[in-house]
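Chains R and Y, in that order, give the protein sequences.
Under my numbering, the first residue of the first sequence carries the number 1, and numbering increases by one thereafter.
Under my numbering, the first residue of the second sequence carries the number 1, and numbering increases by one thereafter.
Some clues are possibly wrong.
Derived pair list, reagent style DSS-like, types lysine-lysine, alpha-carbon separation capped at 30 Å [to be verified]:
1. Lys-132(R) to Lys-288(R)
2. Lys-307(Y) to Lys-104(Y)
3. Lys-307(Y) to Lys-328(R)
4. Lys-288(R) to Lys-379(Y)
5. Lys-273(Y) to Lys-328(R)
6. Lys-379(Y) to Lys-328(R)
7. Lys-144(R) to Lys-328(R)
8. Lys-288(R) to Lys-307(Y)
9. Lys-307(Y) to Lys-319(Y)
Just so you know, the hints here were simulated from the structure itself, not pulled from any lab data.
Fair warning: this is a prediction, and the values are worked out from it, not measured in the lab.
One letter stands for each residue in the lines below.
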Amino acid sequence: MKISIERGALLKAVAQAQSVVERRNTIPILANVLIEAEGNTVQFRATDLDIEVVDKAPAQVERAGSTTVAATTLHEIVRKLPDGSLVTLTADSAAGRLSVEAGRSSFSLATLPKEDFPVMASSEYESNFSAKASDLRRLFDKSKFAISTEETRYYLNGVYMHVSDSEDGRVLRCVATDGHRLARIDAPLPEGAEAMPGVIVPRKTVGELRKLLEDDDMAIAVSVSETKVRFATPDITLTSKVIDGTFPDYTRVIPQGNTRRLEVDASEFAQAVDRVATVSSERSRAVKLQLDEDRLVLSVNAPDSGAAEEELAVAYGDERLEIGFNAKYLLEIASQVDRENAVFMFNSAGDPTLMREGNDQTAVYVVMPMRV
Amino acid sequence: MPALCRDCLARTEDTRRCPSCGSRRLVTHPELFELSIAHMDCDAFYASVEKRDNPELADKPVIIGGGRRGVVSTACYVARIRGVRSAMPMFQALKLCPDAVVLKPRMSVYAEASRQIRAMMDELTPAIQPLSLDEAFLDLSGTERLHGAPPAVMLARLTRRMKSELGLTGSIGLSHNKFLAKVASDLDKPRGFSVIGRADTAAFLNDKPVRLIWGIGPSAQESLDRAGIRTFADLLRWDKAALTQRFGSMGDRLWHLARGEDHRRVSAHEPVKSISNETTFNEDTSSTDILDGHIWRMAVKVADRAKARDLAGRVVVLKAKRANHAIVTRRLSLREPTQMADTIYRTARNLFDQVADQGPFRLIGCGISDLCPASDADKSGDLLDPGATRRSEAERATDRIRERFGSDAIMKGRALR
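All chains should be modelled from the sequences, with the hints used to inform the complete structure.
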């Protein structure tokens, strides 16, 4: 194999591949990226056995062929090469080396046979549709903060992507929760997605997927089966196993009967929460919200370190309420709000609270209160 | 050389018999009346309490321990002569001493005796650091003017009082730091009184094995062996940097101990690091039903102790000992600290399920660690487990009932399994 490729195109392709590779590997081949050159494209493939990414880039292929080489090393080299340089990759299968040459720099890297590289089995997808990158980005960006890291409830370690009914008809919905907070985000149902099985997309896949979604107008080809999910742009294909588990029935978690309505400017609210939480050094900092007619007092009382209080003008017309929350959770949900005011719907100090942006029902957050 | 009669507390000079009462129980040391850090260790404490309460046992070998499968927690001196040691498996102890009287521990009785001894020690100094029910460090520095007698006299008086008022005996180690005091108390058991002075520290330690150091177990011993360190003299040949490099923070401590230096204070407030409970079964079991009952009962005990001390744990630990004595442990960090039996049980049960296929087990234990004040605990509920809040309210209500009517007044069905 011998190819020449522009440094920028190579860096982009290799960067995507190497981020899938696990840093600590017990199986050497999994640290490698599979390079395959044919026609006028070169293809980079990397996997951690759960996720596989294939990235194509245009290249001058002098001699077709393939090899595998350590992904992080190749990425580091390419990253350090001067911008605009032309990089030549030459595989010497007899010597088991890949030479990387650019300008006056040359490197020789150890390779492993391409036959050892595990290629993810192709599978039948029950549902294939095209979704807007901007829609997918919103679905995952606004839900991923609530993904759980708890290993015992592994089925919460991802975003539950499924088709659901809403007030506005059928929607593509993403839900994530860790038992303390929950995010439920809806997007218009893409054509052809009606029969999609609900799948739990793992946290790492959500992170990798994000890199495919930078361009608003890009159409993403989505394929879903009971066990796998695939997202593809013309250049990049990301295939991932889904979490083998049942996502809990989240609908009964979302409070329906909360009537006490608070409306507040989200960024003013977030800043105030952040300020008062400063005095507490506990790991889970509790902020107390005292609600009175059109008045919200935020306070933190940490017996060992100090106390803080801040008052905000808000819209609130119900009876007096005192309720506590983990400051971090409040900040996270408040930061999801970017256009309108944040609307909180409370019931009692012990019940889950609902938050949304204005009257927008397509992004709903639930947060569990804390005893204060 | 100063001497003290341990029977009549008369202070005298070096002599073979006490000039006042004629007793031979004299303790003699050049620094006897200058040293003030002591370690008091009761002699075969559990067994002594049992013998006191049942004089028929006086000349019989008595072993305190749990069940046929358990281990010896205490053996009286009669049994010790036959080779029985604490922590020895019971079957082995019974082989050595088939006529031994084996008694189940009566912890509440021992705790009462311990409390009485503690009350006597409280009269000597406020600086008491109990290590367990039957041993404690005492710092009597600066108490001579108050008591009108040097520490050695007050300590001899303490053991005399323990004997006459409680019918229990103890051994005293007196030195200039905790490490040496603890070593000294073990030199002349039972009813011992040993002194290690500043001047004789180096000579005393010289050829002693390093496993004398409290906290040097078989594995630390092994790594010391590999470095060619067997005695304190070996240790003295190492410089501080080399020891620290090889053994980390332990190396620094070893360097000081090798010189008989130990700067730890006798402190009454050693923070509790973890709370745990464990059970050894009469027969190995892999029955999930039986083990589940044990996990629940242990969770309740752990939670009770946490609640009593206003503590909560961030980590739940499960320990299981397999039939071949291999120990498996699993731990999980909770999202928020807890002191609730329900949470400890559910987490431990979850951890147990991860190792259940490695049974049968001979022992199981569970506990909490990474402790924090209870005020930080159990503050938020779980969206996905709406029953959790109700279960927690039920537990608090149950606790109030148990507080009033005794800990058996109300219990869950699974506690009976």
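These are the hints, each one checked on the structure:
1. Lys-132(R) to Lys-288(R): Outside the cut-off at roughly 40 Å; violated.
2. Lys-307(Y) to Lys-104(Y): Judged against 30 Å, a Cα distance of about 27 Å means the pair holds.
3. Lys-307(Y) to Lys-328(R): Distance ~28 Å between Lys-307(Y) and Lys-328(R) Cα, so the pair holds.
4. Lys-288(R) to Lys-379(Y): Within the cut-off at roughly 13 Å; holds.
5. Lys-273(Y) to Lys-328(R): holds, 28 Å
6. Lys-379(Y) to Lys-328(R): Roughly 14 Å separates the two Cα atoms, so the pair holds.
7. Lys-144(R) to Lys-328(R): holds, 15 Å
8. Lys-288(R) to Lys-307(Y): Holds. Lys-288(R) to Lys-307(Y) sits at ~25 Å (cutoff 30 Å).
9. Lys-307(Y) to Lys-319(Y): holds, 22 Å
Hint 1 from the earlier list is the only one contradicted by this structure; the remaining hints agree with it.
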